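From first to last, the protein sequence lines stand for chains A and B. The first sequence begins at 1 in full-length UniProt numbering and counts up by one. The second sequence begins at 1 in full-length UniProt numbering and counts up by one.
In case anyone wonders, no lab produced these hints; they're calculated from the structure. This structure is a prediction, so every number in the text was calculated from the model and none was measured. For each residue, glycine too, the CB sits at the ideal point set by N, CA and C.
Derived DSBU-like pairs (lysine-lysine); straight-line CA-CA distance at most 35 Å:
# : chain 1 : residue 1 : chain 2 : residue 2
1 : A       : Lys122    : B       : Lys132
2 : A       : Lys122    : B       : Lys118
3 : A       : Lys72     : B       : Lys213
4 : B       : Lys213    : B       : Lys323
5 : B       : Lys332    : B       : Lys315
Some chain B residues near chain A, calculated using beta-carbon distances under 7 Å:
#  : residue
6  : Gln122
7  : Met124
8  : His127
9  : Gln214
10 : Pro221
11 : Pro326
12 : Ala327
Stretch-level coverage of chain A by chain B, calculated; a stretch enters the list once three of its residues show a Cβ under 8 Å from a Cβ in chain B:
#  : stretch
13 : 1 to 10
14 : 32 to 46
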Amino acid sequence: MLINLDFESQEPIYQQLIEQIIEGIARKDLLPGEGLPSVRSLASDIGINLHTVNKAYQQLKHEGFILIHRQKGVVVNPDGVPKADVTYMTQLEKKLKPLIAESVCREVDEESFMKLCNDIYKSYRGG
Amino acid sequence: MNSMMLLFLFIILVPVFISTMFIPYWTRKTESFGVSIPEEIYHHDRLKRMRKQYVWLSGITSLIITAVSFLLSTWMDDNTFGIYFSILIFLYIFITFFIYLYFHRVMKQLKAAENWGKTKPQQMYIHTEFRKHKLNHSNLWFLLSFIISFATIAMTFVLYDRIPDRMPMQYNFDGEVTNWAEKSYRSVLVMPIMQLYLTLLFMFLNTMIAKAKQQINAEKPAESMQQNIIFRRRWSMYLISTGIAITLLFAFIQLTFIFPINSQLITIVPLIFTIGATVGAIILSITTGQGGSRVKLQTDTNGDVIDRDDDKYWKLGQFYFNKNDPALFLEKRFGVGWTINFARPLAWIIFLMIILLAAGIPFLLGI
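Build out the structure end to end from the sequences listed, making use of the hints.
See the structure below:
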């Protein structure tokens with residue numbers, strides 16, 4: 001999978017890395033059990049500090065997207081990503097609220113908002 | 001001066017000149033005189049003119065250096081000429097670097113004035129499976145080199161008595177011996193040890209080819225990745241073949257100590273090797289280009305993004321210095337091949353070790 005990073009963006013690089021890998025898993029570009037580059041090799045290729053990559057990998061591991069083996073290296077969780085639970089749903093709601101609030105302020109109607117969501121969902125399914 | 005010397009000079013100088021003059025055409029098209037640019041800008045008339053001017057200026061410098069060395073060689077003895085020749089080569093490197101610096105400065109001013117790279121978003125692409133591809137050819141090929149080296153050592157000791165007490169170590173342009181070595185168990189091992197050293201060096205470089213930083217052109221990531229794989233494999237192939245050829249060459253030189261071999265052959269064989277290696281490198285540079293940029297694949301069209309601008313890490317446009325980057329080896333900016341990250345002490349140490357070993361081997365063996 002191609003990871004795409006934007007160094008001019010306000011969003012920190014480790015956050016972009018996390019999102020790119022999650023998107024890759026959603027799109028099935030990254031399959032369960034598939035190997036990912038080691039911390040050192042990814043950091044060297046991108047040209048950033050080892051800590052930045054480590055931070056992204058640690059968070060992904062914490063959230064169950066990847067496993068970090070001592071021997072096998074970094075792999076996409078072979079058992080699949082843990083299913084959404086109540087905590088996740090409350091978290092999702094919390095994250096969505098300000099986005100929807102802003103859309104309401106900017107007069108994005110419910111229909112357009114839902115259409116956008118639909119399109120994004122499709123883009124991961126259809127790939 | 002004799003014709004043999006002219007030939008030697010020609011063979012040493014011409015590839016150096018050619019590879020200096022045409023560098024601007026062999027680099028990636030996202031770079032011009034050490035300044036990163038969007039690929040479309042590479043085909044600007046202004047930049048085309050600059051590349052031509054660079055070829056002319058460095059070409060004229062090459063001609064002057066050649067003319068001066070031929071003139072000097074007519075009224076100097078070989079030893080004095082040798083010194084002046086080294087000075088001339090140094091001067092050549094110096095002058096061409098200044099020509100480069102001039103164009104580098106012009107490019108920098110142009111980029112700032114024209115706002116190149118400001119209109120399109122800068123992105124970086126990394127392929128997670130890049131290193132799962134076969135990026136170089138196996139180091140096992142060097143087994144051949146090891147076999148040749150050990151055969152050379154075995155032959156040397158079996159036929160030790162046939163080696164004369166004094167071995168020629170260096171010839172002048174007239175084919176006369178200028179440096180002799182006394183025969184001993186140590187001094188007869190110079191060639192085999194050089195063989196082993198070079199084989200290990202080539203193995204290291206072959207490994208480095210696979211390990212060097214992944215550099216994908218953001219304007220066409222998929223094509224660029226394929227080009228880069230081809231680029232690495234071709235140079236790996238080149239390394240393996242020159243590596244094996246050089247061990248054969250050294251085995252041949254060792255043979256000349258043991259058996260009476262036609263002196264013409266002694267000059268011609270190294271000559272053929274040198275011609276083969278340099279012509280091969282030039283052909284490879286022309287057909288492949290830096291990072292594989294000259295390999296035609298046409299699978300991708302230029303997108304709406306450009307490479308990340310990393311000019312601030314390239315000192316004088318040529319020396320990469322980035323403390324945050326753990327990479328040791330990456331592609332050269334202005335040229336074909338790889339360079340080191342000067343901000344990494346380990347890269348320096350490896351670099352110095354290679355040089356020290358090369359200089360130290362003859363010294364340790366008492367030549």
